[in-house]
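Going down the list, the protein sequences come from chains A and B. Using numbering that gives the first Met the number 0, the letters of the first sequence correspond one by one to residues 0 to 182. Using numbering that gives the first Met the number 0, the letters of the second sequence correspond one by one to residues 0 to 247.
Read the hints as simulated data drawn from the structure, not as lab findings. Careful: at least some of the hints might be erroneous.
With a straight-line cut-off of 30 Å between C-alpha atoms, the simulated BS3-like cross-links for lysine-lysine are [as the list claims (entries may be wrong)]:
hint : chain 1 : residue 1 : chain 2 : residue 2
1    : A       : Lys63     : B       : Lys225
2    : B       : Lys99     : A       : Lys63
3    : B       : Lys127    : B       : Lys171
4    : B       : Lys1      : A       : Lys22
5    : A       : Lys63     : B       : Lys92
6    : A       : Lys22     : B       : Lys168
7    : B       : Lys166    : A       : Lys63
8    : A       : Lys128    : B       : Lys232
9    : A       : Lys8      : B       : Lys168
10   : A       : Lys128    : B       : Lys99
For the chain A half of the interface with chain B, some residues (derived, Cβ under 8 Å), not all of them [what the hints assert, rightly or not]:
hint : residue
11   : Lys5
12   : Ile17
13   : Arg18
14   : Pro36
15   : Asp38
16   : Leu41
17   : Phe42
18   : Val65
19   : Phe87
20   : Glu123
21   : Gly125
22   : Pro134
23   : Asp136
24   : Ala140
Treat the numbers as computed from the prediction; the structure is a model and nothing was measured. We put the beta carbon where it would ideally sit given N, CA and C, even for glycine.
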Amino acid sequence: MEIVAKEGKLKNGTIVTIRPMVKGDADALVKFFKSLPDDLLLFVRHNVRDESVVRSWAENLDYKRVFPLLAIVENKIVADVTLHRVPFGWKRHLGKVRIVVSPEYQKLGLATLMLNEIVDLAAEFGLEKLWAEVPLDSRGAIAAFRNAGFSCKAVIEDLIKDKEGRNADILIMICDVAAHYDQ
Amino acid sequence: MKIAIISDIHSNIEALHAVLRKIDKEKVDVIVNLGDIVGYNASPDECVTEIRKCEAISVSGNHDSAVHDLTARESFNVFANQAIRWSHFKLSKENKDFLKKLPLLSIVWDRFIACHGTLKSNDSYIVKPFQARRMFNIMRKEYQRINICFFGHTHRQAVWSRDVRGKVKQLKLNENPIHLNPEEMYLINPGSVGQPRQNDWRASFLTFEPEEAKITFYSVPYDLYKAQQKILKAELPSFLAERLAEGV
């Protein structure tokens with residue numbers, strides 16, 4: 000039982016394996032990021048088309064700092080969600096969530112599935128709130144975060160730049176992890 | 000009479016043995032177990048056997064249910080899911096049957112309620128004031144004679160009170176023991192035996208003395224290293240071993 004994994008089912012019936020990233024995922028992750036269109040990579044903070052960046056992530060995995068969760072279909076990575084944590088200080092109970100889903104697997108409920116899993120894991124890690132930043136015009140992403148228990152808290156106008164250099168608005172979304180489990 | 004309230008043992012036999020030794024020293028008459036005997040750690044069968052042996056009054060936790068409920072198991076996160084699938088193979092048939100028969104809640108001697116998560120589900124939490132308020136409302140409507148409910152699931156010690164005016168608050172646990180006001184209502188969490196999540200690795204439980212309306216919290220050291228080694232040897236996720244030391 001070396002790799003921790005579970006299965007999920009998408010709206011079209013596709014079965015995905017969800018599991019934390021391990022060292023051996025470097026090649027598949029490089030392929031995943033290379034397959035993504037430029038506009039999706041705009042939201043990623045690093046140059047993930049540079050193989051050395053991705054390989055260094057795989058080599059230096061530290062789940063306590065960044066917890067990466069992958070969705071895999073037929074040995075191919077189709078989504079990557081990361082939970083970023085701050086070990087000390089006034090934000091030690093917070094986690095920041097980022098997600099990238101391959102275009103061919105969008106609108107199938109995969110983002111919601113992955114985000115639900117990360118919210119559950121955040122509770123396991125003792126986090127109280129999750130923070131996400133989403134471009135205001137990304138309706139699909141906003142819907143996925145809302146489905147996973149995030150709510151819209153603030154819009155900051157003209158904060159980010161799109162690939163043409165135009166300023167765009169960003170939406171801050173927060174998930175209250177404990178309240179999320181209220182039934 | 001002295002009652003020990005224990006919860007969330009989560010297959011940690013080292014922690015359970017340490018708690019049972021302390022319970023023995025405290026001359027407790029009865030043990031009430033609030034569920035989640037199994038899950039996460041590496042000694043599920045030993046823990047269920049021990050709980051059966053000490054004839055604890057037990058209710059079912061969400062991990063106990065998930066041993067035989069595939070749907071519940073699928074809703075678990077990757078770590079919990081992996082551990083419960085592993086537990087399923089390690090439990091004897093008798094112990095699985097025991098878990099299957101556990102009730103969702105128990106009214107003990109018409110004095111108090113024992114449940115795992117809330118009065119309505121073993122997989123929902125009481126961590127926010129609105130959740131506590133909702134539980135007090137259910138108690139007032141459905142269990143009018145009872146003013147104390149012991150619950151677990153969050154792995155954190157907690158005492159919520161509702162005074163006669165209806166004001167709900169979470170008590171600061173500065174004092175130990177805590178004397179309960181018979182006119183108020185209480186939701187009380189003893190913390191977790193086998194996987195505490197309050198930044199203290201020691202096993203938690205409490206004793207309740209109904210005649211004196213008194214609860215006392217305990218935190219007991221146990222052989223943490225041995226529990227961690229068992230997790231690693233069983234090839235369960237190493238995160239489950241690390242978290243024990245951190246109390247998260």
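These are the hints, each one checked on the structure:
Proximity of A/Lys63 to B/Lys225 is assessed by CA-CA distance (about 23 Å); at most 30 Å being required, the pair is judged to hold. Only pairs whose Cα atoms come within 30 Å are accepted, and B/Lys99 paired with A/Lys63 is rejected, the gap being roughly 35 Å. At most 30 Å may separate the alpha-carbon atoms for a hinted pair to count; B/Lys127 and B/Lys171 meet this at roughly 14 Å. Straight-line distance between C-alpha atoms of B/Lys1 and A/Lys22 comes to about 52 Å, which puts the hinted pair past the 30 Å bound.
Straight-line distance between C-alpha atoms of A/Lys63 and B/Lys92 comes to about 37 Å, which puts the hinted pair past the 30 Å bound. For the hint pairing A/Lys22 with B/Lys168, the CA-to-CA distance comes to about 47 Å; that exceeds 30 Å, so the pair is violated. Only pairs whose Cα atoms come within 30 Å are accepted, and B/Lys166 paired with A/Lys63 is rejected, the gap being roughly 39 Å. Only pairs whose Cα atoms come within 30 Å are accepted, and A/Lys128 paired with B/Lys232 is rejected, the gap being roughly 33 Å.
Distance hint between A/Lys8 and B/Lys168 is unfulfilled; the C-alpha atoms sit about 41 Å from each other, more than 30 Å. Taken as a hint, the A/Lys128 and B/Lys99 pair is broken in the structure, with Cα atoms around 34 Å apart against an allowance of 30 Å. For A/Lys5, the shortest C-beta to C-beta distance to chain B is roughly 5 Å, which falls under 8 Å, so the interface hint holds. The restraint placing A/Ile17 at the interface with chain B holds, with a minimum CB-CB distance near 6 Å, inside the 8 Å limit.
For A/Arg18, the shortest C-beta to C-beta distance to chain B is roughly 6 Å, which falls under 8 Å, so the interface hint holds. Taking 8 Å as the C-beta cut-off, the interface hint given for A/Pro36 is violated, the closest approach to chain B being about 29 Å. A hinted interface residue such as A/Asp38 counts as satisfied when its beta carbon comes closer than 8 Å to some beta carbon of chain B; here the least separation is about 30 Å, so the hint is violated. Residue-level restraint check for A/Leu41 is violated (minimum Cβ-Cβ distance to chain B is 29 Å; threshold 8 Å).
Look at A/Phe42: its Cβ only gets to about 24 Å from chain B, farther than 8 Å, so that hint breaks. With its C-beta approaching chain B no nearer than about 14 Å, A/Val65 sits outside the 8 Å limit, and its interface hint is violated. The restraint placing A/Phe87 at the interface with chain B is violated, with a minimum CB-CB distance near 13 Å, outside the 8 Å limit. Restraint check, A/Glu123 versus chain B: the minimum CB separation of about 6 Å is within 8 Å; hint holds.
Evaluation of the A/Gly125 hint against chain B yields a held restraint, the C-beta minimum of about 4 Å falling below 8 Å. The closest approach between the C-beta of A/Pro134 and any C-beta of chain B is roughly 28 Å, which is over the 8 Å cut-off, so the hint fails. With a cut of 8 Å, the hint placing A/Asp136 at the interface with chain B is violated, because the nearest CB-to-CB distance is about 31 Å. Restraint check, A/Ala140 versus chain B: the minimum CB separation of about 22 Å is more than 8 Å; hint violated.
The structure fails to meet hints 2, 4, 5, 6, 7, 8, 9, 10, 14, 15, 16, 17, 18, 19, 22, 23 and 24 from the earlier list, while all remaining hints are met.
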